[in-house]
Every structure is written in C-alpha cells, then in structure tokens.
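Peer 1: What follows is each chain in one-letter form.
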Amino acid sequence: MELSFPTKPFRTHGGAAVPHMKHTAQTKSVVMPVPNAVAIPMQMHVGAPCSPLVKPGDLVTVGQKIGDSKGFVSAPIHASISGKVKAIQKVQLCNGSYSTAVVIESDGKMEMCPDLKAPEVTDLKSFLQAVRDSGLVGLGGAGFPTHVKLNVPEGKTVDTLIVNVAECEPYLTADNREALENSASVLDGVFLVMKMLKLSRGIIAVESNKPEVIQQFRSMLSSDQRNSNNQVGVLPLRAAYPQGAEKVLIKSCTDRTVPMGKLPADVGCIVMNVTSIAFLADYMKTGIPLVKKRLTIDGSAVKNRENVIVPIGTRIRDILEFVGMKCEPAKILVGGPMMGMSVPTVDAPVQKQNNGLIFLDEAEAHEPETTACIRCGRCVMGCPMHLMPTKLETYAKAKDVDALQAYDVMDCMECGTCAFNCPANRPLVQAIRMGKALVKAGGAKK
Amino acid sequence: MGKLIVSSSPHLHTKTSTQRIMLDVIIALVPAMVASIVIFGWRALCLLVISVLTSVLCEYLCRKVMKRENTIYDLSAVVTGILLAMNVPSSLNPLMLMLGDVIAIVVVKQMFGGIGQNFVNPALMARIILMNSFPGPMGSWPKPFAADAATSATPLGIINQHQKFYPNYLQLFLGQRGGCLGETCALALLIGFVYLLVRKVITPTIPLIYIGTAAFLSLVMGRDVLTDILCGGLLLGAIFMATDYTTSPLTLKGQVIYAIGCGCLTMLIRQFGSLPEGVSYSIIIMNILTPLIERGTRPMAFGKAPKGKKKEAAQQ
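One line per chain: the protein sequences are X and G, in this order.
Counted the way the working numbering counts, the first sequence spans residues 1 to 446.
Counted the way the working numbering counts, the second sequence spans residues 1001 to 1316.
Rather than coming from a laboratory, the hints here were simulated on the basis of the structure.
A portion of the hints provided could be inaccurate.
[Stated by the list, open to error] Under 7 Å between C-beta atoms, here's a sample of chain X residues computed to sit facing chain G:
| hint | residue |
| --- | --- |
| 1 | Ser208 |
| 2 | Lys331 |
| 3 | Leu333 |
| 4 | Thr370 |
| 5 | Val380 |
| 6 | Ala419 |
| 7 | Asn425 |
[Said to hold, decoys possible] Each computed PhoX-like pair below joins lysine-lysine, with the alpha-carbon atoms no more than 25 Å apart:
| hint | chain 1 | residue 1 | chain 2 | residue 2 |
| --- | --- | --- | --- | --- |
| 8 | G | Lys1003 | X | Lys391 |
| 9 | G | Lys1253 | G | Lys1304 |
| 10 | G | Lys1003 | X | Lys90 |
Since the model is a prediction, treat every value here as computed from it, not as a measurement.
Quick reminder that beta carbons are idealized off the backbone N, C-alpha and C, glycines included.
Next comes chain X alone, as it looks inside the complex (with noise of 0.2 Å):
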C-alpha cells in the first residue's frame, strides 16, 4: 500500500500555550571540560539496572563496557572518561532514588578504548545487537532501550517512522541543536533504520518554532539522492505542549489513534528522538557508544545560559561551576519544567536519558498557592487523553478505586498539562499519580 506523506498536521486535542522560553536555541554548544570524577549510574534506563565489570583500582578507557545485565529490557554501560575506578557505590540519582555507580577518578588524558570501531551490520539481528551494544536508550527522557523498541514482535507490522524533534518543552533546545548541528547524521540515521526496519515513510516531526530546523532538513532532503521517491519528509506542527509526546505525536502525523494500553507498533509507527537517531548513525560510522550528552542548560539561577556537552555521570555541581551562578539555584530540575524532575542534590549525576538543567532562583522556584477548585473546565479542555483531571484529583483523595478505574486514571501520561493550566493551581498531576498507585495497590489485591 502507497503511503501518502502528510501535507499538514492532523488535529488532536487539547494542550497548553506554554511559554516557550527557548533562550538557547541560537547558541551553539560548548563542550565541557573534563570533571575530576564522574559517578556512573548503573541504572540509566528503563528495565533491569545493570551490574559493574570493573572494581575499584581498575584502569578504564573511554567507551569501555563496565556495566551489563543479562535482562532483555536492558542497555550496557560504557565508562565516559578515561581513569581509575575509585569505588562501586550508592548515588542518590536526580529522581531521588539510589542506584550502584562506578565512580571513576579521571586521568585527563580521555583515552579512547583500543576496542571501538563500527559495527558489522549485514542484517536486522545483527543491527539490533549493534543497536543493544551502543548502550542507547531513548533520550527524549523516557530512557527505554531503543533495540526493544526496534525490535518489532512478529504479526505486527510498522510502516511508518517519525523523528521526534517537537521538543515542546520550555527552555530545553539540546534536540534543536543537535537536528542544527548534526543534521547529516539524523538523516543518515533516519535512511538507515528505514532500511532495516523496511518503513516506507519517514517523518521529520518540528514544532514550527523551530524554523530553521525545518528549512535546514527540507533543503538537505531535496538534494539527497536516497530520498528519491520523497519517502522521507519535514512535518511542521503546531507549537503546542505536549506536541511531541508520543501518542499526540503519533495523532498529529498519521492520524493513527494508539489504543490504550498499547504501543506505536501496534498502529504501524516506531518514533525515535532526534538525538537517539543521530547517535545511532553515528555509531554505526565509529563504535563510539553513548558516553557524552548534550543537555540545555538554563533558568534564572545560571550565568551562561546554554548548551553543553558533558560526559555521562557528570555530578550537576560539576556543570553548574562551569557555566557559572547568579545566585544560588532553590530548585533544580532534570528535563524540562512540565514533566522534568526537582534534584534533591547537586552531586546527582546526569543520566543517558537527561536532556537538561534547569536551575530556577528564589523567585522562579515559587509557586502560587493552592485554592478551591471553580470547576473552570480548563483541566478537562485541556487534556490531550480525553480524560477528566478535576474529577480524578476527587476520586483519588477519596481513595475511590472503582471510580479512578471508571475515568481511565492508567490513561494519564502526566503531561502536566491540566496543572499547568489550573488558574487555583491545584496539584493534579500529583493527585492522579497517587490515584495510579492506589489502582496499582487495589489490582494487587484482587
């Protein structure tokens, strides 16, 4: 079947105007000097943590495997600076769990490990060991190993792949710099798994605040000689938060609605993040695994606004002595303002899966304060999963099960959209995540 390439994006519903605040996106990046010490987090991804193959007193090289597990949802770990292991301990991470981390002392040099070079890929098994070998994840923030996500169950076939490059966060531009700075590779990225997977279409998802990433793809794609039959195309969509999640993503440039409870595969799409893409096709050029990060670095507390590139299991207080303070941050976030998360600590160390640092000041921390609910409706208009927040915050304090069931509780992503858009500023995402537990805790029982 011919699949026509979308001329305009499809309607979907909800969402918030949520200031864009993208003060980065022009700047260039800066890459990070090297830290002292990094602590590398053992658990980075979504799925089994993995175990360290190195003990303290070890030399290690950049790029070298010191960390695996056996599970299948699961990605290896690779050191990211060259230098002695100093110990195997707990670190708090910046969601406020602790996790095993190599902590590795760093001897300058950033020797590159003598083992690294490309992968032989001849077929789809041997692409999607590459894939699990590279250490990818999804960098978009959800951190699932990207070669499960290639990896499509037989009976279900994909036909369609979307480069998410929505970035519909405030602040966050690190996917914007990188389909800037990095445009051949994404399309490399994109012709490639396009080959393996067998898609016929491919689709360049961008927030239309994003113009330059557009023009940029649309000029590069017109001239490219793989793109012969225009298999492979630029979607402008509406900057509206939270364009680039998934199933609103999925809505917007295929008019595929996911049933709940299943994945893109099950409507024939795989969608990829722009930077996942980008370092897949390079990795597939130089065996490099995933060791470094671009994260945006922004907020009122910071000096130099912008984006760096820093090695993964950078401590934040590392970054925030190279970009510098105004004053000290009262609150940083890991991702951006709707669905990052507040660090508790300043020695948390960046993961695969971060995409920025947000450090707010006194101010910017503050929240207005909490009042009565004026069943205004903007929760319920505003919910891109057709769902009723107000009502779900009441079922969930009244600890109703039956009822949290009835309105679909499991079906909220926690976009934040609907507290972000509460003019009495009610918590209702964290009501419905309590809800979602009390439903987790109530099936359990049955």
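Starting from the known structure of chain X, arrange chain G on it as the hints suggest.
Peer 2: Coordinates of chain G only, in the frame set by chain X:
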C-alpha cells in the same frame, strides 16, 4: 549550597488565577453597570454599591464564623453582588436587596462549601427567592430616564398579557425599556461578551447555543424573534449567568445539552407560563441537572474502544 526544593511536576504554571478570572468578569460587567446608571440613574449606582458591599461582608463574616480561610480576595463575592443587583428593578428597597445578598452568599454559596461548591447560581437563586417573597416590588419596573417613580410595563410583560407590542429595535438594543438594572442594554452586554471571549474566560458555546435555541423556538412559536432576544434577561443570563463555571457542565457535549435545555425552558416559560420571563428559572433548573448531564457526557478517553465495539471485538 542550601537545601533544594523538591516538588511534583509540572514546575510551571499559568499566570491566570481565580482572582484574575473574577476580575475579568467584573471588567466585562463594567459597560452594563455604566449603562444601568445612565438609564436608571443614581438609584442604580446605589444598589450596585450596596449589593457588592453586603456580599463581600457576608462572605467575610461567614468564613470567619466557620473558621475557614478568608476568600474575599478571590473577588467571587463581588461578582455575585453585581449580578444580583443587575437582576432587580432599580426601584427595589435596598434592604430587600441586602436580604438577597445574604441568601446568595450565606445560604446558597457558603453553606454548601463556598466557591466551586454551590449547586445553583447564588445570584439567580437569591433573585428567585426575592421574586417569590416580594412579588410587588420585584415586579414593578421604573421607566428609563425618568426622575420620578413612574413605572412602566416591560415588553415581555406586555406580550404576556396578550397585548400588541410594537418594538423599536434600536431603543431595545440600547436599553431604553423597563426591566432589571443590568439586563436592558444589549450593546453593553455584548461588549462584555466580546471581552470575556478575548480574555478566554468563557467559550462561546453556552451563550450562542442558548440564544440560538431561544431564537429558533421563538420563530417556531410565531413570536417576534428580535424582541425575544433583546428583551428580558436572555442576554444577561446567557452571557453572565449560564456560563458560571461551577454550575455548568465541564464537558463540551454537556455544555451543548445544558445550553439547549436553558433555551427550551426559557421559551416554554415565556410562551406558556404565567410569568412573562423565564431566564432565571430555566438556568436554575439546568444548574440542578448539571451533575446528571456531566455523568452522561463523559469524554471517551484517548484510544479507548467504545463499549459496543469492545464487545464485537470480544466476539470475533
């Protein structure tokens, strides 16, 4: 480095607050307030001021007695005060109006839990109680631009008596007729409507469908459509009362049903009831039906199969 704040996402919030929304409603009511003072004179101004002050005082005292936090700064009591004053004739004894404010704020609003919890519109309920308690004073309409206490019949009153009414649409549009304080000047109300739409305080769904339904029924019943729209409290009710967040459905489908219901009831009362006007009663009845409407119009969650289809799938 000091302690870091840890809280649940999202970490960013809209600048719109309940207070800002209520302020917008007050701003939207300013043209109608000015018009009422121009048309009915200083008595209109007095009633507005008295009503607002009484409402706010009631809210303050009530919260104090109930040992709850003070909510007068959310400005919702001000809105209720203005709306109630707009729904009475300018000749009303201020003491009666003050009684209405007490009913609206204390009985209808605070006794049910305060803002967001009342099951009917406080100002409308208070108006209905005043209408039934003081049918004489609540049913005599001072002539516009008249210094003396001369009264006149309202256009809908004339029609209700099966007498011929010869409308002058321009006069009706500008508000030169007998009626409640705030309902007469259609122009002022429409300016407020546009303001509310621009500020995104309300969506046009409820007002347009309400007025549209009423106009359609008016046409079917062989009445004068423009008179029905411009007279009585239809515009004031459709724009400012039926759109009250608390007492109208949350869902779009629900709002459509609610507005159609308001329109039908209004015209049925006007045509067949012994009352000349039915906006207050129809909105109150639909307020009471709102929870039911809402339950029946729950949006289908994204990606959820409709019930019938699920069964089909299970059978296959």
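Peer 1: Next step is simple, just say for each hint if it's right about the structure.
Peer 2: Okay, the hints, checked on the actual structure:
Using the Cβ-Cβ criterion of 7 Å, the hint placing serine 208/X at the interface with chain G is not satisfied: the shortest such distance is roughly 21 Å. Taking 7 Å as the C-beta cut-off, the interface hint given for lysine 331/X holds, the closest approach to chain G being about 4 Å. Against a cut-off of 7 Å between C-beta atoms, the interface hint on leucine 333/X holds, since the closest Cβ of chain G lies about 6 Å away. At about 10 Å, the closest approach between the beta carbon of threonine 370/X and any beta carbon in chain G exceeds 7 Å, and the interface hint on this residue is violated.
Taking 7 Å as the C-beta cut-off, the interface hint given for valine 380/X holds, the closest approach to chain G being about 5 Å. Given hint, alanine 419/X at the interface with chain G, holds; its Cβ is 5 Å from that chain's nearest Cβ, closer than 7 Å. With 7 Å as the threshold, the beta carbon of asparagine 425/X comes within range of chain G, its nearest partner Cβ sitting at about 6 Å, so the hint holds. As the CA atoms of lysine 1003/G and lysine 391/X are separated by approximately 35 Å, the hinted pair breaks the 25 Å bound.
With a CA separation close to 18 Å, the supplied pair lysine 1253/G and lysine 1304/G stays within the 25 Å bound. Proximity of lysine 1003/G to lysine 90/X is assessed by CA-CA distance (about 21 Å); at most 25 Å being required, the pair is judged to hold.
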